[in-house]
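Using the sequences plus the hints, can you model the full thing?
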Amino acid sequence: MGTAQSTSLKDRFINGVFGYHLPHTPGELVEYKVLEAVIVGSVIHFAWTWAFFIQRISAVVRPLGVANWFDIRILFGPPALVIAVLITALSLAGFLRLFRAAHISAFALLVVQFATRYSQGEIPHSANMIGCFFLGMGLSSLLHDSPVHRQRFAMGYGFFLLGIGYTLAAVCKLVVTGITWPDGQHLWVWTQSRFIHETVRDGVPRISWLQRQLLDSWTLATSLLVVGIVTEIFAWLVWFRRIRYWVVLGVLTMHIGIYFSMGIFFYDATLLLTVLIIPWAAMANWAIDRMKDAKERGWISPLLRFSERFA
Amino acid sequence: MTETVDRLGSAGTTVGKRSLWAIAITCVLYALLVGTHRGEFWPLSIYPMFSKAKSTLYQVAVQRVSPGVWSEPEFWRGYGPGEIPGKPFAVAPHGMDAVDLAKYVRLTTDWTADRKQGIVDFFGDTSRENTLVIMSAKGSVDRSGKLEVTYRPILVLEDGKAWDHRWVEAQHTEKGR
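As they're listed, the protein sequences go chains A and B.
If you want my numbering, it's the 1-based position in the first sequence plus 304.
If you want my numbering, it's the 1-based position in the second sequence plus 3.
Hints may contain errors.
Away from chain B, derived, C-beta distances all over 12 angstroms, residues of chain A [as the list claims (entries may be wrong)]:
id: 1; residue: V338
id: 2; residue: D375
id: 3; residue: P383
id: 4; residue: V389
id: 5; residue: L390
id: 6; residue: L400
id: 7; residue: L402
id: 8; residue: C476
id: 9; residue: G554
id: 10; residue: T557
Here chain A is said to cover these stretches of chain B; the calculated rule only asks that three of the stretch's residues, wherever they fall, bring their Cβ under 8 angstroms from a Cβ of chain A [said to hold, decoys possible]:
id: 11; segment: 43-49
id: 12; segment: 62-74
id: 13; segment: 95-106
id: 14; segment: 131-144
The calculated label-pair distances, taken between Cβ atoms and stated as ranges, are [as the list claims (entries may be wrong)]:
id: 15; chain 1: B; residue 1: A27; chain 2: A; residue 2: T484; range: 34 to 40 angstroms
id: 16; chain 1: B; residue 1: T112; chain 2: A; residue 2: S527; range: 37 to 43 angstroms
id: 17; chain 1: A; residue 1: L524; chain 2: B; residue 2: W24; range: 46 to 52 angstroms
id: 18; chain 1: A; residue 1: I581; chain 2: B; residue 2: E77; range: 53 to 59 angstroms
id: 19; chain 1: A; residue 1: S527; chain 2: B; residue 2: L35; range: 36 to 42 angstroms
id: 20; chain 1: B; residue 1: K20; chain 2: A; residue 2: Q517; range: 48 to 54 angstroms
id: 21; chain 1: B; residue 1: Q174; chain 2: A; residue 2: R360; range: 43 to 49 angstroms
id: 22; chain 1: A; residue 1: A341; chain 2: B; residue 2: A95; range: 25 to 31 angstroms
id: 23; chain 1: A; residue 1: I483; chain 2: B; residue 2: P76; range: 44 to 50 angstroms
No wet-lab data here; the hints were simulated from the structure.
Every residue, glycine too, gets a C-beta built ideally from N, C-alpha and C.
Quick look at the structure:
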């Protein structure tokens, strides 16, 4: 029944992050395919949303990423639409396992599309985690032959970058501002700044009940910031499968708190975290076990067949 | 747990080593890319949002005003929150990104002809159909914890062109001669 688990630090790290040593279940195939569908859907959405915006820009305000390597203006206009077509075709080809380099090729083009779109000054971060998981999916196809190894690698790699990202965010705060970062006054300034921003964006600011309480109470504002930064500091623990669920839950709760206190909604990050926290594999395994004596396995059967065919 | 399981190999296999190398190379590339590109190389980032906590505020506001009201030098003074001329102009319904606008204005230190044309292009047809004032909103928290914000006009967009206070002052200086 499998090999004994090695106890070296390196092996414990690999086991914790990727879980190659654990028994595999058919439900995991379904879980991975659901996640991949959400990721690919998001990638295609990004590619086209960014492509249409690029049609309206003519100058580079602040180059990001690959825009520092060449004049990104050559991709303004129709070329962005061509890139969107290619990203769509390649990511779907990857989803259907048509060829191994499909996802990583789509990823490379998405990096360029991002740099083209976000050359106007704004530096968004909501889509970063989707990009990280997509990168993991692209690498998994190149590095591993077995579908199970690919899936475990892609998940572990995505979670690894997710943990690094949120912990780095905490480190940045403590390095740039110091231990006084959670001072409630800072939240007041950000909230007021947000009101002005929303007025410019929508015409009227929306002030929630929680925001009113935060503006009236330094203690409440400070407590909220302390909880937020502590959640970020320990986000790296998401690397390890045993505690992963609780860390994802904590980060998701943090994003919900950011929305109600600051009015900032990281849509893509929240979508990804919500998908990650739902126990798709357990649900699929339960459905499979319930239907195992029947000739047909109900709703899970076509889903399972699809997941196995395109694993 | 379903009956159909496949037991995988241990972490000491080629699969595990390959994965470890992928992680190690990623960490090195992560550090190199963000370290040499001002902390941002999508999807990698140091995530510096809200890292600089301060007691000061700098935002950008847009107001729609009546044509020509901006041609007097007095218009270009500072205003309190309850005194801002005109009415708020929402950019999102016109397909514009408020964050891009704010970054563009905040990063512009000298409103050259090119920078002005860029902001006119950003607003597109709305700069021909409306008289818009782009204002800075700067504030700070005083000792009692109260936030004081002052709004000051930076640019006016009218008839598809952009004007700043220097043009207005030059016009009045010319009239005075």
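Quick rundown of the hints versus the structure:
1. At roughly 17 angstroms, the least C-beta separation between A/V338 and chain B is larger than 12 angstroms, which holds for a residue marked as non-interface.
2. Against chain B, the non-interface label of A/D375 holds: every CB pair exceeds 12 angstroms, the least being about 16 angstroms.
3. Non-interface status of A/P383 relative to chain B is upheld: no Cβ of that chain comes within 12 angstroms, the nearest being about 18 angstroms off.
4. No Cβ of chain B comes within 12 angstroms of the Cβ of A/V389; the nearest lies about 20 angstroms off, and the non-interface call holds.
5. For A/L390, the shortest C-beta to C-beta distance to chain B comes to about 18 angstroms, beyond the 12 angstroms cut-off, and the non-interface label holds.
6. No Cβ of chain B comes within 12 angstroms of the Cβ of A/L400; the nearest lies about 23 angstroms off, and the non-interface call holds.
7. Against chain B, the non-interface label of A/L402 holds: every CB pair exceeds 12 angstroms, the least being about 23 angstroms.
8. With a least beta-carbon separation of about 4 angstroms from chain B, A/C476 fails to lie farther than 12 angstroms from that chain, contradicting its non-interface assignment.
9. Taking the minimum C-beta to C-beta distance to chain B, about 16 angstroms, the non-interface status of A/G554 holds against the 12 angstroms cut.
10. Against the 12 angstroms criterion, A/T557 stays outside the reach of chain B, whose nearest CB is about 17 angstroms from its own CB.
11. Counting residues of the segment 43-49 of chain B whose CB lies closer than 8 angstroms to any CB of chain A gives 7, which reaches the minimum of 3, so the coverage claim holds.
12. Only residues whose beta carbon comes within less than 8 angstroms of a beta carbon in chain A count, and the segment 62-74 of chain B has 4; three or more means the coverage holds.
13. A stretch counts as covered by a chain when three or more of its residues have a beta carbon under 8 angstroms from one of that chain; for the segment 95-106 of chain B and chain A the count is 10, and the coverage holds.
14. Against chain A, the segment 131-144 of chain B contributes 3 residues with a C-beta closer than 8 angstroms to a partner C-beta. That satisfies the three-residue criterion, and the hint holds.
15. Between B/A27 and A/T484, the C-beta spacing of about 36 angstroms keeps the proposed range 34 to 40 angstroms intact.
16. For B/T112 paired with A/S527, a C-beta distance near 39 angstroms keeps the hint of 37 to 43 angstroms intact.
17. A beta carbon spacing of about 47 angstroms between A/L524 and B/W24 agrees with the range 46 to 52 angstroms that was offered as a hint.
18. For the hinted restraint 53 to 59 angstroms between A/I581 and B/E77, the CB-CB distance of approximately 57 angstroms keeps it satisfied.
19. For A/S527 paired with B/L35, a C-beta distance near 38 angstroms keeps the hint of 36 to 42 angstroms intact.
20. Take B/K20 and A/Q517: their Cβ atoms lie about 53 angstroms apart, and the range 48 to 54 angstroms holds.
21. The hint said 43 to 49 angstroms for the Cβ distance between B/Q174 and A/R360, and at roughly 32 angstroms that hint is violated.
22. Against the hinted window of 25 to 31 angstroms, the Cβ-Cβ separation of A/A341 and B/A95 comes to about 30 angstroms, which satisfies the hint.
23. A C-beta distance of roughly 47 angstroms is found between A/I483 and B/P76, which places it inside the suggested range of 44 to 50 angstroms.
Violation of the numbered hints given earlier is confined to hints 8, 21; the remaining hints are satisfied by the structure.
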